[in-house]
Structures are given as C-alpha cells and as structure tokens.
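Undergrad: Chains as they are written, first to last, in this note's numbering: chain A, 1 to 359; chain B, 1 to 543.
Errors might be hidden in some of the hints.
Mimicking DSS-like on lysine-lysine, the simulated pairs with C-alpha atoms at most 27 Å apart in a straight line are [to be verified]:
1) B/506 / A/332
2) B/398 / A/210
3) B/405 / A/73
4) B/497 / B/440
Hint data in this document are derived by calculation from the structure and do not stem from the laboratory.
Predicted, not measured: the structure shown is a model, and the values here were computed from it.
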Amino acid sequence: MTVAWIGDRGVPVADAAKHAAELLVTSLCPVFSLYTDVHGTRAAIALASRVGAAYDQLDGEAVARETAQYTDKGGMFIAPGEVRRRADVVIIAGELPAAHYDLIAELANTVPDLDGGTGKRQFFLIGADTPAPGNVKATRLSCDGGVEATLAALRAQCAGRQTAREVAHFDRFAKALGEAQFPVFTFCGQSLGLLGLEMVQGLIGDINRKQRASALHLPASENGWGSTQASTWTTGFALRTGLARGFVEFDPWRFDVARMIADGEADLNLVVAGDAGSVPAGRTGLALIALAKTDKPVAGAAVTIAIGQPGIDHDAVVYSSRIGTLAAIEAKAPVELPSAAAVLRQIIEHLPHEEAQPC
Amino acid sequence: MLTRIAGGEIVDPVNGRVGKGDLWIEDETIVAALAGRQPDVTLDATGCVVMAGAIDIHSHIGGGNVNTARLLLPEQHKAHAPHPAATPLSKVGWTTFETGRLYAQMGFTTVVEPAMSPAAALHTHLELADIPIIDKATLAILGNDDFLLSMIRDKASPVMIEDYVAWTVASSRALGVKVINAGAAAAFKENVRAFSFDDVVPFYGTSSRSIVKTLQAAVGALGIPHPLHVHCNNLGIPGAPDTVAETIAAAEGLPLHLAHLQFYGYGTEGKRKFSSGALRLAELVNSTPEITIDVGQVMFGQTVTISSDVLRQFSARGTASPRKSVIYDGDANGGGVVPHNYRDDYYGSLQWAIGLELFLLIQDPWRVFFTTDHPNGAPFTAYPEIFELLMSREAREKAMDGLSKRALALSTLPDLTREYTFEEIAIMTRAAPAKLLGLKDRGHLGAGALADIAVYRKGNDIAQMFRSAALVLKNGELVVEDGIVKNYRWGKTLRLKPTPDKAMVKRLEAYHQERHGLSLNWFDFPDSAIQREQPFSEVSCNA
C-alpha cells in the first residue's frame, strides 16, 4: 500500500521525508499548521526549531482566544472531576463544541455528592441562541445582544447595578446562585470572544468575594490545548510561536499562520491534520507538505505522507477534557500507519547538520 | 572508559576525604585509585574543588502548575537574559530544556519536583523527560484528596491507608510523598478562608494534624526513604512560627521534613507586626533531631509563586505583580500561580534576612537544605549568589548595605558571623540530600558511587565559581566544560516502585467508577507514553 507521495507519485516514506526536508531547508518562511497529539507537537516544534518555522494550531482562532485568557488575564478554573462532584449549579456560557456534549449529559445525569447534601444540580444556559448541549434541561438566561451582552448584563445585575437590558430569568438565577455551594461556569473560546471570556472570569471573581465559584475550561480543540501545553513547556510559549530568527518569539498576531498564508508571507505550509479533507487547499506560491490519514495524495501537495490518527490508529498522549489533563490513550484499532511524531522525526533526520534535539 | 580527574581538592564529607588528590571513574561509576592502569582521559582539576554533583530537593521544575505559570507570563520569557547561541532553542527562558542546561552548568545533577498532583502525573513526567542532562524525581501530593480524607474520617486501618499511599506512589512514579496545607484545599472548596493545624475540614471532620500524622505514619511504615515532606499551614502569615512549632511537636520523634521554612519565619513584633521569627524556628529545629527543613531563600526581583496551597494563593492574588493570576480547584489540591516582585523594602528585606538567618542559625548542615523553593523565593539561577552570601560574611554585609535598616534591626542577621565551609556546602547540597531521599548511589565520591561530579575553579568570586562549573560529569559523561554544556544527554526520573495491594486497586477502581464515572486506567499510564528509552530508574524502599 502506498503511504507517501511526491506530488502524485507514490514513493517510499524515506524519499518523501527527504524531499520534505529539502523543501523546508529551501523555504524562506515555512509555517506549520498542527492538529496532532502531544508527541506530534513536540516533534513538530523540534523540526520548526531546525528550519526556522512558525507554528500554530490548524484553524487556531479559538485556541488562540483561550490562550489569551491565560496569557493576558488568568482566572479561576476547576477540574472536571470536581465539577461532577461539587457543582450544584452549572452555567453554560455560550455554545460548546459537540465533543463536550457527553460530559454535559453526564453532569445532567448525576448529582453532586460533595455539595453539602443538596443532591441536585441545576443548569443555566447563557444566550438566546445557545444550543442546549446534550439536550440538558436548562434555564435560559438571555437578553438582546447575544451571549456577551447577556454576560455583561448578568454581571451588572448580580452586582446590583441597573442595566439597559434585563436578563430573562435573572431572579431564578440569583436565587440559585444565592443557595449554591459551588456554581461552575463552562466556557470555550469557540463561542466566546476575549471580552466574553473576561466577563465570565469577572463574574466568578465577584462571586468569590463571599462564596465559591469557578470556571470549567472546555477547549475548542482538545488537540489544540494539548499542543498548547507541549509548546509551553518546550519553548516557554503557547502556539503562534516563531523560530525564524534563531530564537523563540511568541506573537499571536504575527505568527497566526492562517494570516501569514493569507497575507502571502509564508512560502511553505506543513500541515498535520486528522484527515485529508481537513488540509487547507494549496495556493500559488505556497508549497504544501501534508501529513494526514489518507490513501491518496492530497490535492496540490508537494509531499503527502499518510499518518495514523492519535488514539485511533496508534497509542497517543492527548489532552482530555474529561479529566482536565493529559492522558495516555490506547489505539482503538491499531494500524501500521506511522504517527505524526515518527514522520516528523524522520524529516528531521534528513536535515543537514544534525544538532542536539530538545524533543 | 577510564577517566582520571587529577589534582583537585576533593571535598567528600561522607567518606571523610578532604584534600588534594585524584578521582577515578570507570564508565558510569567512581572507582578506587587504580595502580598501574592508564586513564583514557585525564581531566585537570588543579586549583579546583571537586564535589559530588549537587542535589536539589525542592524545585518546581515541571507539571501542570509550572506550565500554567509559563503560560501566564510570556512577557517574562521574552525578557529573559540572552543565552549561548550554540544550543537549540537557546534564547528560551525557563523551558524544560533550559532548566536542564542551567542546572547542569551550576554542577547540579539531580533535582526533585516536589509537588506532583497524582492525577496529573503523566503531564509532570512528560515535562521532566524533556529536561536534559540531569536526573529528576517527584513527590506525590496527598492530604487533600477525597479518598484519603474519607478513609481518615471512616477510621480506616493504617494498613489500608498504607496501601493507598503505596498505590499512589507507584502509579504516579514518585520518590516520596508531600502534604501541602493538609486539608486546606478541601476546606477552601467549602468556602473556608483560613486553615490552621487543628482546624477541621468540613464534611470530613478531620484536622490538618490528623492528616499529617496519618501520612507520616504511612510513609514510615512503607519504608519510603524520604520522610513526609510537609508544607505547613499558614504560609506567609505573621505568627506562622506558632504553626511550625505545633507541627514540629506533632512529629513526636518520627522523621518529618518541613519545606521552605523561611515562608513561616514571620513574627509579629514591630510597628508593622512583621518581624523575624528565624531565631525561634532555628532553636526549634536545633532541638528536634527528627526534623529536617529546607529554607526557600528569597532574593530580590521578579518571580512567580507556584503552589498547590490553593487557599494561600487565593489569598495572595491581590498582591499579584503583574496583576494576573490563576487559581485552580483541582481534583485534590489544585494550585495557584501568582506572580510576585520581591522588592528591597521593609518586607522584602526581612524575608531575605530570615532565610539567611535560618541557614546560619541551624547548626547541623545535615538537616538544613539549600532551596529557594524555585521559583517561589527566587529562580534557581540565583543559587550562586546565595552560596556567596553563606560563605562570606563580607558579601552579606555588602548586601545588607542597601536594605531596610528597620527590617534588619528586627533580625539577627547583622550579628551572625558564621561562614559556610566547602565541606558544609558539600553536606548541605550533596551528602544530606542523597541521604534524605534514600539515594545511596550519589551525594558522595566513594568507590561505587554514580559518577555525578562537579568541579569548581576556586577564586575570589564565589558566585562565579558556582555559576559556571569548570567540569561537570553526569553518569561519567563529561557534560559541562568551563560553564558551558558540551554534551546533551537524557537523564532519568528516579522513582519508588512499591507493589500496590490488589484489594486496594479493586477498591480504587470501584471508587473512581462510582465517584468520577471513570475507570482507574485514566489515572495511570504506561512508561511507553513518555516516548523515551527507559525514562525511569527505580530506587529501593527501606526494608
């Protein structure tokens, strides 16, 4: 079975890796778009450091917003296990990715056991159009202007200030909050902007003056948050980091890889994707190296190498929102396809002047 | 390969060897002098002090809270001093890679991350595995976890508790056990805002004292070499010496290690009700032989405090500088990250002085350990300056010149004349840590020891001497020459491997299924997940 291609021509993986290395070495501005596990990220950063690339999450806007919550503001957060055991009020602040619906459904189907004995869990949903994840029964809190306007009004009303817009069902919320032992807000960078994320934390800070509350981070992308962790310990910085100048630079605007491509700054895009359909279409003047699960070359790619999907085709370490940390996942259906990390390391081996690798 | 380190001044208190001589190394191991054999390599140590590689028993170098601190403070990495250009990712501050490089250049060869959340052990070990050159180890945090608190409440037998501690240590690949503000994180979740040694955790009805004593007994019974590592209650609060006194009294003849004692050294005298309690603490330690402590020295400048004492960090978030922080309610302890800038004002001057007082007033270098509680008191890169302050009264007097006179008036530091000798430094940073952690293969230069060796060129500038080791060997490999890393290698993470009791595993599986809706497998991982060849090295428990 062919698993590597140069253009449309099937080749041994070693030849494809060698050609990818040649393209990377001659590129003036290589950029990496990552959708991979922790070891794939570590290997990608090792490669980026050798060829002077910038790297980002594939489709990384939401991950960048979540990162900014930490880099710019910080906040109060809670482990999912504690939410299950303590949260007697859960406030879903904005739409959640479908990947988190099971967790919300699980919360709906259980009651807290460390909540001082109330034995029940109430749900609130912020935003008129926010879908109820997992069909959870929730009281909707909304006012004109969307999720962020509702959060702003909610915070103001909780503080006893007058607002231009009244939040529907605020009284019910205020009562629940007053009786709550440990209210928890869920948040995700997919549906909340920076101000929305900040307002959630502002509200939590207000509540913590007298009682406890916290926020459950349900990331827009589990792979993205795992990559953020690996990038941070490896380089000191989150994703959207560049290594082109011989040292590490973090700049969420400058190293926004989608922007670098759109503005014509990048001349090579190495994409690590879950499947071929997720690889962005190539552009004129932009060489494409695609690592994805595929049985045929990716259209427009100078090099395609088939890789397995983490946790499905091969064992992996990934971020798990269910436990709020990194987890080792066994392959569900192991296949022979190599991992992204293995292929990326193979590309590194073909680079000139081998140096000590940090990963 | 046979290596001779020739003509250095050997300082090896364990083996009573202090004086000029040669040191022989065969492959990874120190060997006795070999008459008639020619070395493959001779390393000239003329004019140098030769010690075992240093061991840091308490430095927050990896794990979820450490990584959150990196995430929170990108501006600090950006401002980090320039680094040698020859290393990969060389301009990066405070990464896993830099951690290994900077420690090695100072002659440190083993470092313990003292606060690993068992639930996030995989994350911690992945980070530690990315720290090059040095060996690492972790202490697993217990004492705020529902399973243990419930067992204490339900009066579980000591054997059951030992089984649980054994499982935690084994599954998290730890070298010991730490308790952090015992019970306070659980109490904070119940909206308790202050927590002392005899306060009771709501819902569980057990006190901090009871948790500490339960864990102390379990650690001893399991033969875990390192005594229970205790982060006491009331960290940073004036009057905390009372808490330390209560905790020391509760040791009742059994070994107990108290972490970063400086942060508990604040008395209540003076107009500001903030004075030095160091003399009292030192007297307590001096008179209680079962107690060991590390200092947690403060040095001036910007740093970030990282602690699993979530209650304390929540209280401190108003002082964050810059004004941002992270507070995390974890499955047990959680933690907090609060950036802090130690200024040479009244409070900062006293904190700095209290740490030095503890170093100088505690008489036995086998029981006082050299730490800044990196990065809480200062980054570990400040160690060379601290060595100088300990070894030179003149350096201390010079440093005190610019500090708050009112603060120093409430401290004994200006009157202390003691100067640490090389032998005492070797005990405090090599021999004693190895003994405390149960690492028989290091901390000394006797035949059979692991060839972890630091060679320092003697000079008037003590800080420079310790900042840039002339030579460092790790497992017999030359890794540092003239203060520059020449050879990157991957160290191992040292761990204990007690055999978990099968009944306890079954019980824990049922607990996690019922309480968390998850299999116990989620809280364990195979060594292969680290993706390094033999990432762990086993250390034996005491018989």
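Undergrad: All hints, please: hold or fail.
TA: Now for the hints, and whether the structure bears them out:
no.	hint	in the structure
1	B/506 / A/332	holds (24 Å)
2	B/398 / A/210	violated (47 Å)
3	B/405 / A/73	violated (37 Å)
4	B/497 / B/440	holds (16 Å)
Comparing the model with each numbered hint stated earlier shows that hints 2, 3 do not hold.
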